[in-house]
Amino acid sequence: MTLKRQPAVLVVLDGFGIAPPSQGNAIWMAKTPVLDRLLELYPTVALQASGEAVGLPWGEMGNSEVGHLTLGAGKVLYQDLPRITRAISDQSFFSNPVLLQGLDQVRQKKSRVHILGMFSPAGVHSLDEHGYALLELCQRQGLNRVFVHVILDGRDSPYNSGLGFVEHLQKKIQDIGAGRIATVSGRYYAMDRDSHWERTAAAYQAIVLGQGPPATDPLEAIRASYAAGIFDEQMVPTVMTDHGQPVAVVDDHDVLIFFNFRADRARQLTKALALPGFSKFQRPIYLRDASIVTMTEYERDLPVQVAWPPERVIEPLAKVFSDAGLRQLHAAETEKYAHVTYFFNGGTENAWPGEHRVLVPSPSVPSYDAKPAMSARELTGQVIGELNSGQYALAVVNFANPDMVGHSGNIPATVEAVEVVDGCIGEIVDAVRSLHGLVMITGDHGNAEAKIDAQTGAVSKEHSANPVPLIVVADDLPVDVVQRYRAPSRDISSLVPIGVLADVAPTLLSLVGLPIPADMTGHNLFPSV
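Going by our numbering, the first residue of the sequence shown is number 139, and it counts up by one from there.
Fair warning: there could be bad hints in the mix.
Label pairs and their computed distance ranges (CB to CB) [said to hold, decoys possible]: (1) 280 / 447: 24 to 34 Å; (2) 235 / 441: 14 to 24 Å; (3) 262 / 591: 16 to 26 Å; (4) 501 / 242: 53 to 63 Å; (5) 505 / 227: 23 to 33 Å; (6) 629 / 523: 12 to 22 Å; (7) 617 / 228: 35 to 45 Å; (8) 259 / 331: 16 to 26 Å; (9) 227 / 248: 26 to 36 Å; (10) 280 / 203: 22 to 32 Å.
The list that follows gives simulated cross-link-like pairs (lysine to any residue, SDA-like), each with its CA atoms no further than 20 Å apart [as the list claims (entries may be wrong)]: (11) 599 / 267; (12) 409 / 423; (13) 169 / 554; (14) 248 / 229; (15) 142 / 554; (16) 409 / 336; (17) 310 / 336; (18) 599 / 167; (19) 457 / 656; (20) 247 / 298; (21) 457 / 529; (22) 457 / 248; (23) 457 / 444; (24) 310 / 247; (25) 142 / 169; (26) 169 / 457; (27) 457 / 654; (28) 309 / 298; (29) 409 / 457; (30) 509 / 568; (31) 310 / 229; (32) 142 / 648.
The hints are simulated quantities; they were obtained by calculation from the structure and are not laboratory data. No experiment lies behind these values; they were computed from the predicted model shown. All C-beta atoms in this analysis are idealised placements derived from N, C-alpha and C, irrespective of residue type, glycine included.
Kindly produce the complete structure, drawing on both the sequences and the hints.
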């Protein structure tokens with residue numbers, strides 16, 4: 139099978155974003171004659187590469203893992219937090235079939251709902267808004283036996299902020315008209331992840347057995363804990379009582395919904411609640427007929443229902459080429475090898491049929507600012523040799539330098555890293571043009587263009603939330619398209635992003651003449667080509 143343009147080479151410049159000229163913009167300060175010339179001659183657009191554009195929470199800077207996953211998938215895969223939050227916003231949360239099935243069981247068996255999770259606005263392991271939405275769902279479903287098992291934070295939020303959070307929860311319960319607090323526990327106990335099972339046992343005993351220090355008012359219990367010098371994170375699991383009896387414990391036929399979205403600190407307690415053969419501590423009661431629902435998949439094969447199971451990448455770009463019987467090359471140095479293989483292929487470890495991988499060892503140095511070139515030149519040589527063999531329809535190449543050297547915070551070294559990569563791009567472009575192929579040059583997230591914090595003036599070693607470029611190099615592109623999308627100058631910071639990283643794969647497929655699979659929800663950025 140011969141493509142319209144072959145080979146198609148996708149060059150990912152890791153950590154290469156767009157920003158106005160400044161003393162912290164190592165890309166602007168670098169001498170980049172190759173990229174400057176490409177900007178003059180070929181279509182260039184800006185793409186969003188952070189926040190919701192790559193499935194992250196609003197405003198959160200992008201990263202290499204999410205960037206490559208999105209580039210290869212051709213669709214935005216929303217991470218757990220924004221995925222659930224969006225479901226609340228668009229109301230699909232309230233028709234989630236797993237949640238509704240659990241609540242229907244409560245209605246049929248005249249049992250109870252237990253909402254378990256960390257009530258904190260930090261958004262690291264959970265989000266309090268998700269717990270409030272569950273209360274609202276129960277109210278909409280006409281359920282009035284709803285009990286809340288509160289986990290306090292104090293680690294990703296101020297150490298003594300739990301009192302205010304629980305006050306707010308009490309007000310939400312009153313406003314919504316559903317729910318009553320049954321237990322309060324610090325995350326030290328309820329969210330241990332280091333096999334301190336005695337901590338997990340204390341939380342379990344409060345939730346299931348009603349065993350633990352009693353209190354009649356959750357706010358008074360928290361105040362008393364503070365007075366004893368024990369703050370949110372380490373608050374001992376405390377049982378709310380009414381006339382000397384626990385307000386509620388989890389029993390058979392009940393439904394418990396654990397609304398933490400992050401798995402690592404939710405696994406131990408979930409195993410204690412759900413596993414039939416659990417043996418990490420003495421468990422006098424096994425909730426054989428209770429139903430456990432988790433918001434996300436904490437671990438495969440747990441006997442729980444998952445409200446938002448992992449999104450799967452059905453047809454990543456690599457599979458499309460493989461299914462067409464075409465060979466492909468994935469190449470990077472060690473630091474980014476997983477990104478052009480596992481992440482780019484949609485979380486699939488094994489290579490697709492016809493996929494060849496090239497790994498070039500990264501240099502052994504304490505910090506990459508000691509060798510800004512890293513292994514870019516060696517990588518380039520191997521890639522060109524492979525391309526000249528004529529056997530590949532697709533090549534995916536990552537240059538790690540702008541990101542890895544950028545993380546050092548050494549601006550002169552980052553400038554040098556960009557200059558080295560510029561030369562490597564020139565060699566690859568020349569090789570592909572001689573083969574009448576296509577080169578698409580993009581970034582996965584920002585970094586090298588933002589090495590000084592604009593607010594503090596301090597050196598930044600982090601990623602940025604800036605957009606990234608997409609340069610399309612092919613000698614047979616229509617003149618009107620080239621003119622319409624030609625960069626205004628070497629400074630492309632004025633470009634308004636017209637797409638997202640998920641648009642790269644569909645655009646590439648269109649430019650080579652392969653059909654875009656239904657699983658890809660990104661758009662072809664140049665429909666007239």
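Checked hints:
Against the hinted window of 24 to 34 Å, the Cβ-Cβ separation of residue 280 and residue 447 comes to about 27 Å, which satisfies the hint. Look at residue 235 against residue 441: about 18 Å separates their beta carbons, and that is inside 14 to 24 Å. Look at residue 262 against residue 591: about 22 Å separates their beta carbons, and that is inside 16 to 26 Å. A beta carbon spacing of about 59 Å between residue 501 and residue 242 agrees with the range 53 to 63 Å that was offered as a hint.
A hinted range of 23 to 33 Å is violated for the C-beta pair residue 505 and residue 227, which are about 42 Å apart. At about 35 Å, the CB distance of residue 629 to residue 523 disagrees with the hint of 12 to 22 Å. Separated by about 42 Å at the C-beta atoms, residue 617 and residue 228 satisfy the suggested range of 35 to 45 Å. In this structure, residue 259 and residue 331 meet the distance hint of 16 to 26 Å, their C-beta atoms being roughly 22 Å apart.
Residue 227 and residue 248 have their C-beta atoms about 33 Å apart, which keeps the hinted 26 to 36 Å range intact. Between residue 280 and residue 203 the C-beta distance comes to about 43 Å, which lies outside the given range of 22 to 32 Å. With a CA separation close to 32 Å, the supplied pair residue 599 and residue 267 exceeds the 20 Å bound. Restraint check for residue 409 and residue 423: satisfied, since their Cα atoms lie roughly 13 Å apart, inside the 20 Å limit.
For the suggested pair residue 169 and residue 554, the alpha carbons sit about 9 Å apart, so the restraint of at most 20 Å is met. For the hint linking residue 248 to residue 229, the alpha-carbon distance of about 26 Å lies beyond 20 Å, and the restraint is violated. Distance hint between residue 142 and residue 554 is unfulfilled; the C-alpha atoms sit about 36 Å from each other, more than 20 Å. At roughly 14 Å between alpha-carbon atoms, residue 409 and residue 336 fall within 20 Å of each other, so this suggested pair holds.
This hinted pair does not check out: residue 310 and residue 336 have alpha carbons roughly 32 Å apart, beyond 20 Å. For a cut-off of 20 Å, the pair hint linking residue 599 to residue 167 stands: about 17 Å separates their Cα positions. Simply put, residue 457 and residue 656 have alpha-carbon atoms about 13 Å apart, close enough for the 20 Å limit, and the pair holds. A distance of roughly 39 Å separates the Cα atoms of residue 247 and residue 298; the hinted pair therefore is violated under the 20 Å criterion.
Among the hinted pairs, residue 457 with residue 529 is consistent with the structure: their alpha-carbon atoms are about 17 Å apart, no more than 20 Å. Between residue 457 and residue 248, the direct Cα distance comes to roughly 49 Å. Violation of the 20 Å bound is thereby established for this hinted pair. For the proposed pair residue 457 and residue 444, the alpha carbon gap of about 28 Å is over 20 Å, so the pair is violated. Between residue 310 and residue 247 the alpha-carbon distance is near 27 Å, which puts this suggested pair outside the 20 Å criterion.
For the hint linking residue 142 to residue 169, the alpha-carbon distance of about 34 Å lies beyond 20 Å, and the restraint is violated. Distance check on the hinted pair: residue 169 and residue 457 sit about 37 Å apart at the alpha-carbon level, beyond 20 Å; violated. Straight-line distance between C-alpha atoms of residue 457 and residue 654 comes to about 12 Å, which keeps the hinted pair within the 20 Å bound. For the hint linking residue 309 to residue 298, the alpha-carbon distance of about 19 Å falls within 20 Å, and the restraint holds.
Restraint check: the Cα-Cα separation between residue 409 and residue 457 comes to about 36 Å, which exceeds 20 Å; the hinted pair is violated. Between the alpha carbons of residue 509 and residue 568 the distance comes to roughly 26 Å, so the proposed pair goes past 20 Å and is violated. Of the pairs offered as hints, the one joining residue 310 and residue 229 holds, with about 18 Å between alpha carbons and a cut-off of 20 Å not exceeded. As the CA atoms of residue 142 and residue 648 are separated by approximately 9 Å, the hinted pair is consistent with the 20 Å bound.
Comparing the model with each earlier hint shows violations of hints 5, 6, 10, 11, 14, 15, 17, 20, 22, 23, 24, 25, 26, 29, 30; every other hint is respected.
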